[in-house]
Amino acid sequence: MDSQNPFEGEISLNRRKEENSVREVRHGSRGGDIELLGLSHKEIGDDDARLVYLNDPVKSNERYEFAGNSIRTSKYSVFSFLPRNLFRQFHRVAYIYFLIIAVLNQLPQLAVFGRGASIMPLAFVLSVTAVKDAYEDWRRHRSDRVENNRLAWVLVDDEFQQKKWKDIQVGEILKIQANETFPCDIVLLSTSEPTGVAFVQTVNLDGESNLKTRYAKQETISKIPEEEMINGLIKCERPNRNIYGFQANMEVEGKRLSLGPSNILLRGCELKNTAWAIGVAVYCGRETKAMLNSSGAPSKRSHLETRMNFETIILSLFLTLLCSIVSVCAAVWLRHRKDELDILPFYRRKDFAHGAPQNFNYYGWGLEIIFTFLMSVIVFQIMIPISLYISMELVRVGQAYFMIRDMLLYDEESNSRFQCRSLNINEDLGQIKYVFSDKTGTLTENKMEFQCASIWGVDYSGGRTISRNDPVKVDGKILQPKMEVKVDPQLLELSRSGKDTKGAKHVHDFLLALAACNTIVPLVVDDTSDSPVKLLDYQGESPDEQALAYAAAAYGFMLTERTSGHIVINIQGERQRFNVLGLHEFDSDRKRMSVILGCPDKTVKVFVKGADTSMFSVIDRSLNTNIIHATEAHLQTYSSMGLRTLVFGIRELNNSEFEQWHLAFEAASTAIIGRAALLRKVANNVENSLTILGASAIEDKLQQGVPEAIESLRTAGIKAWVLTGDKQETAISIGYSSKLLTSKMTSIIINSNSKQSSRRSLEDALVTSKKLTITSGITHNTGASDAAAVNPVALIIDGTSLVHILDSELEELLFELATKCSVVLCCRVAPLQKAGIVALVKNRTRDMTLAIGDGANDVSMIQMADVGVGISGREGQQAVMASDFAMGQFRFLVPLLLVHGHWNYQRMGYMILYNFYRNAVFVLVLFWYVIFTSFTLTTAITEWSSMLYSIIYTALPTIVVGILDKDLSRRTLLKYPQLYGAGHRQEAYNSKLFWLTMIDTLWQSVAVFSIPLFAYWASSIDGSSIGDLWTLAVVILVNLHLAMDISRWSWITHAVIWGSIIATFICVTIIDAVPIFSGYWAIFHVAKTELFWLCLLAIVLAALIPRYVVKFLYQYYSPCDIQIAREAEKFRSPRELRNTKIETNPILGSPHR
Amino acid sequence: MSSHTASSSNGGNGSGDSGVPKRNSKRPKYSKFTQQELPACKPILTPRWVVSTFMLIAIVFIPIGIACLIGSRDVVEVVERYETECIPVLNRTNTVQFIQSDADKTCNISMTIPKRMKQPIYVYYQLDNFYQNHRRYVKSRSDEQLKSASKENDTSACKPEDIANGRGAIVPCGLIAWSLFNDTYSFSRQNQSLTVNKKGIAWKSDKQKRFGKNVFPKNFQGGGLVGGATLNESIPLNEQEDLMVWMRTAALPTFRKLYGKIEVDLEEKEVINVTLMNYYNTYSFNGKKKLVLSTTSWIGGRNDFLGIAYLTVGMISFALSMGFTIVYFVKPRRLGDPTFLSWNRGPGSH
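Just so you know, the sequences run in chain order A and B.
Position 1031 of the first sequence, counted from 1, bears residue number 1031 in full-length UniProt numbering, the numbering being contiguous throughout.
Position 310 of the second sequence, counted from 1, bears residue number 310 in full-length UniProt numbering, the numbering being contiguous throughout.
Chain B extracted, bound-state conformation (with noise of 0.2 Å):
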């Protein structure tokens, strides 16, 4: 009886059995995919899935972690903090005064190699507390004006440094090229001075396409205040690469710009001398500055985290398998044993 209501109201195998169909019928026709019956796969979590998934992670991640561990350990790095020590003793009650006067910034500093470096080494320097990521700072820029000659005037997202008083629009300008860095650094071994190439530091897209290469520095810095590095009027935006690898805003206020590259290999123990001019003012705001050279791997720099983490997540993994493989053995549930139904389950049933 049950049944012969469910067939006669289906007529599922097609409209093949449902006789002859009539004119204007609103049947639906069958398909699969109107009856919702499309081939599908329909996964379960079941503990074999379930550890096996979690001992193919822990298989992946341990060799991946030690990988990236032993790549960031093969990293040599060196860090000089330098903003304190830069400071004639005299001045260093008030540094902001001193980094503002004219008197001569000049300062050495000597770097020990602890490990061989291969070269190319990488001479970063890095500030802490700069927030590049500030949003006044970030919008403050002009993309437009970077990339053609003729869109000079296109300043409106630079105030305020914008217009150089009464000469016209400052070319590049907002608050990003307006802090350029401006710190340099030679380098020195054995009173031998080591070349730091700054060519090919910067993106060559950012060559390309967004620094005009018909685009010249004007009025740089004359907007009343100087808050960095000038800028050679004659070499046009593409070329000062400085410029460009300052004007990719870090993400985070901790941050490292590529400065140059030494393209000679540092042997261990060696001292190297470097000049600085500690021009960049990061005293008014207690901003921190490092000389970092660094030579670098396939994980990039020096940073044990990635590999930390990923050793975790394989042990954390590895031991879920196993707790889970015993919890498995001591305490099965036999999959989609009707019993467990909740109606079933109820004293009131057998």
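One chain only, chain A, in its complex shape (with noise of 0.2 Å):
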């Protein structure tokens, strides 16, 4: 039974995202049937149950409380949010290092800073977070009180009455009406349709926007609660998230019924085309799945940040060792002062005040230099860059904001805006080498467009015109079907030509097929427009299905109704009904689906329709061999074109097979025991000897500019993987559509069914491989950019050959192989398999990983890679909420990765290492004064000035400039993707940038502590005048440091920068307007005399010529790609960009002017 894992089982064809329709309940499996052999009947014990007795809810939350219907996706209450919002900020190892500081400095012996001063950095972050959370609280506070408040109807004393939301029990029956959205989990009871079917849209749960049919049981239909008491009892699972599954058995009237997942209705969907339905509470509140779903992705780490941990270390060991060299330093003299402390008139170790002389706060040498150590590391604590993780995740919302709002990642046609689910990974888009990308959904369009037919042998391929056939009147309305449908002329004309021919007879019943073998729900759209023409929308879960409907419209086979019991098939304007007798579902074992059809001719007719290996297996050859073989080759040419193909086959039943097989279909759909192993025996009995109609060929559309979007990527050096369920043929045959593969490129196929064939295909593949990158070895080397661009290999490989080579020890000769060829593809691949081969790269390289998916299929993938993007097109949400980024469409990818993946990761890099230095330079100013104040870590330098440094004087100006500078424009970086290559070459962070950072930093450092110590040796200067000159000269020279590399100097940047400097001015002038501080007036004294302004020219100037100098020297004789660009950005005239031969890649940037 391999079925039973989706992830295991083989993948068809036929269906896109196979794991779901084996989850997923279709029409005609009537008694939810649980599809584990043997656990229909599963006895739940009475541990594991919930026990819920109908329309008593008293009863039923007797043994249990049960949880209430109210539900809280508030994290805290008024109460709870200081305790818990605290414990939860305190999870960050550099906020416990701020606190540890901070309690430190309580210490009466440690005290470096005023008690007040010491806590507010730590309370300054603390509460900007905490006021972030509490708004956002507040917010779901409010949606939860809607929530909770709006009105059910809620079966009470025989009557619905109107009920809250949030008083809504465990137990108690309710009603819905049409359009109306589930409060609770609830089990089906009965509905408006006599059948007991519910159409419900599951859109808020897992995005699909088509209908899915529920069911009520039998014996449950013709209840009417009001009338007659319901008594009864369910036992059902304990809940849990899977929205697919539900187990459970239900006692009415002595008799025992299992319940499954196509009889219940989930909280969160809507109830539609269904009048009423009555159901029974079994699930509330927080206990419901949609509630048990919600969760957020799990949170990522970003490379960058992780890069940065190492430097961290670094510092802190600096950090470390500048706290030792005072220590050390103030023990050597304490040591030499020894005989001289008791007296000494700055130190007065002797206390004579109090009788007899005594210790004054001396706690012995050994002791003092310990304190001496705490207190180095309370003065210095600023060298860890704390203020740095608040900053870079204000810059990372502030960069949101801007790619959300970017026109170029807006999607017109689903009209959805780019999200940023995640907030920790923005600099890794600058870093993408591999992209790991789904096909379907993905690459395509998963919007499927019929495209040809072979019908009867026969090509009908030469659908050019669009029909617009003539809408067909039914009950005074005229349908037209939503979509149109490219016809073929000559099988249009003789689709009308009636079933009188022989030809037009094959076409007549292969436009049967089309609008009958399928679980499509008709739906007339209801637009408020008095016009009588109604749009006809056929929803289903297969969009191939749809695709098929649309088209036997298009040639007058217009489906127009369906029931449990019979469909309605609008055939060239006559209205004909056809018995639905049986339906025998789309399995991934069958890979075919079939429907038994009484025709209004009185004859019982079989239609199939499944992938062509498992038709041909169940077509009876001997028959119309010809007409075999010439469909075989029409589907070998329509795949080739990457069409998806379908095959349809029919058999008329005479009375006794049908008899037989009614027997059968009966004894099979209501047999409690194996009831799905039942039903698909007697489908496959049924499903033989099959007469061939035709095949069909629909076109997964691809994706606008997927394939320049490719290019691109290939170009900025990025290596495009492709993993998809689809068959080989359609995989490559897409793969070149798209200029994923090229006819440049030599492919290498891997098809093995074993282990041992797997080596050998790999080691050959190795061979191959070396030979044609040693052909082009030489250049090898040098274009670093793109290694294998000069004689590229593609490699191609198949689950199959997966199966055998991933989790073994061949996982290492595929990564040696793979990464030898410029593209990869991977056809017929499980959803796990994806994880997988993304884990091999991801485990085996430091390079980033991207993946790209729509469906459920893809959120394993994508929750592995480095960086998950999802799609948000029309498979569903599951995707987009697993990943860090959703857009609506592929070729947005380049404008993500090349253009803000780009800005984030060089504006990321710059802050980080600015914020090293700013720190560091602050420090060890610091630091060298400490040396001359006999180590006793006095500063000069006001503690609140201190405090301040990271938060007002020098913050906003780093944040303004992580989220607004730009190296290059957007065009430019579009034109050239090679720029890309700054991110991989990690040009924006790296160690040599670092270390020649923090050289920089020490000679800044030593320029702004010495020109004021000789200009001031030996004067009249007190410690508060120089300290004032010490803050304003740091805090101008860090912002004229970040002045100078900005690249881009935009009004805001004007601002922040002046504004920064004038606001420290002003605050040291407040700071020095307090007169219980000792430093009180002294900046008017200090500020009146020439020297001072000397000093601060001086000092900035010389600190920053280096700098100067260093910069110009490197960027005019070793200039990187991004200096060229930049200069030929404002130098070079767009003309003549446009006449350099360089125009490789033709995607431009928006024309913005």
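Fair warning: there could be bad hints in the mix.
Claimed, not checked - Here are a few chain B residues that face chain A, going by a calculated C-beta distance under 8 Å:
(1) Ala251
(2) Thr254
(3) Tyr310
Unchecked claim - Distance condition first, Cα-Cα at most 27 Å in a straight line; then the derived BS3-like pairs of lysine-lysine:
(4) Lys1088(A) <-> Lys198(B)
(5) Lys257(B) <-> Lys207(B)
(6) Lys1088(A) <-> Lys261(B)
(7) Lys350(A) <-> Lys218(B)
Simulated from the structure, these hints should not be mistaken for lab results.
It should be emphasised that the depicted structure is a prediction, and the values quoted were computed from it without experimental measurement.
Yeah, the Cβ is synthetic: ideal placement off N, Cα and C, and Gly gets one too.
Join the two chains into one complex using the hints; note that each chain is given alone, in its own frame.
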């Protein structure tokens, strides 16, 4: 039973997202059969079960206190906010460091700063985060309140009364009207439809907008709760988060019925096309499946941040070094002055005032050293740039703001903006080396279009014109299919000619099969306009089926109505009713489905459709051999064109055959044990000796701009891997049409069935690829950006081979081979294999991986990759939910990576370096001064200025630059995708830059400290005045340092840079205007002297000149690509650029002026 | 084809070209801000720019440097170190004992004026190796107490100089006040005494705001060990200017404090006789004591450092601008030349 686990089963051809199809409940499986054999009647142990007494909430809740229906998505209440929020925030190591420092400072022996000043930075950071959290939580509270106070009809005293959602209890019977949302998870009892069908839309739950059908049990359909008491007991499994699974049984009137996922209505879904539905609440509030599923994406850490942590460790070693130097020197000083300390005017160890002289505030030599060490940690604490963490968060929020509002990333069609679901990895977008892409729905639109048909050995693929078929009149309404299909004129003519001629008969049967052999629910779109023309929308779970039904409609076979017992097809304007006698669902074993129709002419026919491999095994090959051969040839052509093919067959059942089948079918569908297997057996019996009708070919259209996007990514040095569940031929043809594969490439194809053959083919392939790369070996080394581009190799490998390769020692071989190839195409892979392939690369390189996909089968891959991107397409929200970023189209990947990724990476890399520098230069100035205070950690800079330094004086400019600075314009970045290589080469942040920055920091701190030192040596300068000079000098210096590195000055940049400097002057003035501080009025005195201003000027220039010189020499004589591009942007006219020959990439940036 | 792709997705010229906007459209509104297209200036370090900035620095810095040097040289400064001379020869082996004894500590020194000094001539005392910035020391004061009489007992920061044995709080308390400098100088030339104006040596702000006019010294130096000067208990703190000067703690271990001003000109080669009372104990920590007479100029005291620093920076800038000019002519690079891009430089391309 390999279909039990959707991830292990073989991947079928004509179904997308196969594991969905297994999990989802389809038409016909009335009994909510549980797929696992033998489990259908599994006893749910009393311990594991919850017992729900119908219409008896008191008894239901007697034994166990089930959750009420009020929900709480908010995390805090007014009272719990403070402790819980603080607890959550202190999960950060950085904050704990901060806290320890603040606590240390509270010890009287170590009190370096006043109490207020020492707590301020931590309090500031905590309160900023707390305010943000509180705001978010307040919004959640508000939405909870709205949700909880919605009204629903609940049966109370034999009468349906309105009740607030929050008061609904397990066991109560509810009535839901059309278009209402279900307030909790409900087991369906009866509906307005006599057959007990209810249509629901699950868009809120899984994002799929098509209608799903749910069934009431036959035994309860007829019950009217207002009139007769329903007594019963539902025994169901404990609340869990599987929205596709439900196991329960119900005892009504002594009968025991089993319940499955098709009998339950989930909270958040809406009732559609059904007047009312009645059901009993089984899971409420936080125990509903919707609530259990509402968890965010797992958080990822950015690569840059991980690297940064390494440098943070270096900085903490450096901090330890500084503190050790201070404490050792202090120890030497104390030892040296041992005999003088007692009465030394500035030490006075002995206290003479209180009786006998005794030591005052002196704890012995050893302890003094330890105290000095701890105090120096407190004084130099900002060496570890704690503020960097909060700045990075703010910057990422800002970057996300701009990404979300970027018009280039807005998808008109789905009306969706870019979404930043994870705020930790913006900068990783600038370093992506591998892109793993799903095919269907990601590269292609997953909007199936019927293209060709091969009917009875004749190929009809001349579909050019769009048919505006004569609309069909039904009940005074004119119906028109929502989607237009290109039709082949010849086929159209044949289809209209009735079924009299032999050729026309086959066409008739084929088109009937298209229209009938599916699970499509036709819906008339209720628009408010009075126009008699109504659009007919085909709702179904498979886009292929939708395409086929629309195609049939275009040829005059319009499915207009479906109930559980019959379908109505309007054939060339004539309404015909077909009884659906039975329907055998699609499953991944048989890879086909069939429907048994009772036709108006009293014949019974079975129509089968399925994948070619599975169909040819059940088609009677002895009949019509020529036609079978012709069809096979057509299929070959179609799939090489990248089309998805399906084969149709038909058989007429005679009476005895029908009776036989009917009995077996009835028995199977009412069976309690092993229903699924029995049904499958019945299906297999009837689906044989078919007459071939023909084949259809559906085009899965490429999304707009995909070939260009792939070309851009390739030029940028990003390797694209495509992982698809589709078959090899389709995958390869899509590969060619999307320019992923080019004719220049050498393809290596690996299809193996065993481990040995896999190993052999891998080794052979490795030899081949080596040969190919050796011939181009000379250029190989120089063309660093894309090594394999000279003689590119494409690897095509299928899922069966991967089964043998992944999780074995062959992984290593595959990795070696794959890295030599510029393109890798994996076909027929299962979802978990997708994740396995991502892991294969991720675990072996330090390169960044990105996975992009749209379906539930991409979730594992998206979560595995460093960056997960979800396409918010037509396939539901699971991929988006699991993703870090979500967008509407594959081609947005280009602006996302090349523009925003590049910017974010450059900004963040610079910001980290700058923050390290900024804090280190300040700490070093403090350190140099400590040497002149006999190592006692006096600071000339006031404690308030020390604390405000990273909060007010210098915080804003780096944040604003981190959000707004752009090294290159969008246009240039898109024009030269190669510029993306800067991220691959880690140009914005690496250890060389770190050490250079640190050397620069050292020089700058020396300049800041020593100029006032010598200028004021042996003068009457007081500590506060020189402290103010140092404060202002450092602040101006670091702000100008930043200013020097800004690439783009807009008014905002000007405002924050100069504003910060002015703000510092104002703050220093305010601090010096407080009479109780010892620095009272110092700034006013010192600022009156010319010496002060001359010092300031000398400091700033002397400190910055070396950096300026090095920067210029580097930029001028060994320019990086970014530098050249910047110059080109500024100095070369656009026309001149256009004439240069580098125009390899056709994607141009937006022509905004 | 490609341009079609781009233009169909940008709609950047405002919503005007995107046809009738759909209701509930989530299309981001166009603004220069949200599209990160604010008008901006993009500075690039071109050789011309760099050479000009260095030239500018040189042009500004060299004159300032010269002006600083001239200003500094204008200052006439006479420094007389006296901590050894003022100990009788016999006591020089045990200076600490001498300074702590009750012996007569009068001492006469003479200073020769090297150049004419125009009034006002500032009289400083300079201490070396005295860490007024020591952490224990700078914290040992009570600004509350200094300011208002009601906060007299606010002495917690002042330990161990907080309370005089059994007689209540010391005002002003703390080590800083306790160690108040107490050498005194009286100047004369040709047996005619020179008045030293000791008014107006403290900061006005200190007088007005930080030292209360109702606060009188109390129990000062009564803590068991005398650290320095005593204060007249009938004069409020805001008129004790020596104390105020002393309590502006110095930034560096070598510092000067203003003692007073001589408000007459002193002529070249004049000999000034100073009678000083050598009370202050710097001997226990080998501190030096110096008496300084100095005029002042716009640059402050006599210190060539800043002038030299400015000249150096100016010269270096000049040299750099010259150097860059030469290099620029010898080995120019066309700015923004796409052939320099790394992917165009490889031997694989033309």
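Results for each hint:
Hint status for Ala251(B): holds, given a least beta-carbon distance of 4 Å to chain A, under 8 Å. Annotation: interface hint on Thr254(B) holds; nearest CB of chain A at approximately 5 Å, less than 8 Å. Because the closest C-beta pair between Tyr310(B) and chain A is about 6 Å apart, less than 8 Å, the hint holds. Between Lys1088(A) and Lys198(B) the CA atoms are separated by roughly 22 Å; this keeps the pair inside 27 Å, and the hint holds.
Among the hinted pairs, Lys257(B) with Lys207(B) is consistent with the structure: their alpha-carbon atoms are about 17 Å apart, no more than 27 Å. Among the hinted pairs, Lys1088(A) with Lys261(B) is consistent with the structure: their alpha-carbon atoms are about 20 Å apart, no more than 27 Å. The straight-line distance between the Cα atoms of Lys350(A) and Lys218(B) is roughly 22 Å, inside the 27 Å bound, and the hint therefore holds.
In terms of the numbered hints stated before, the structure departs from none.
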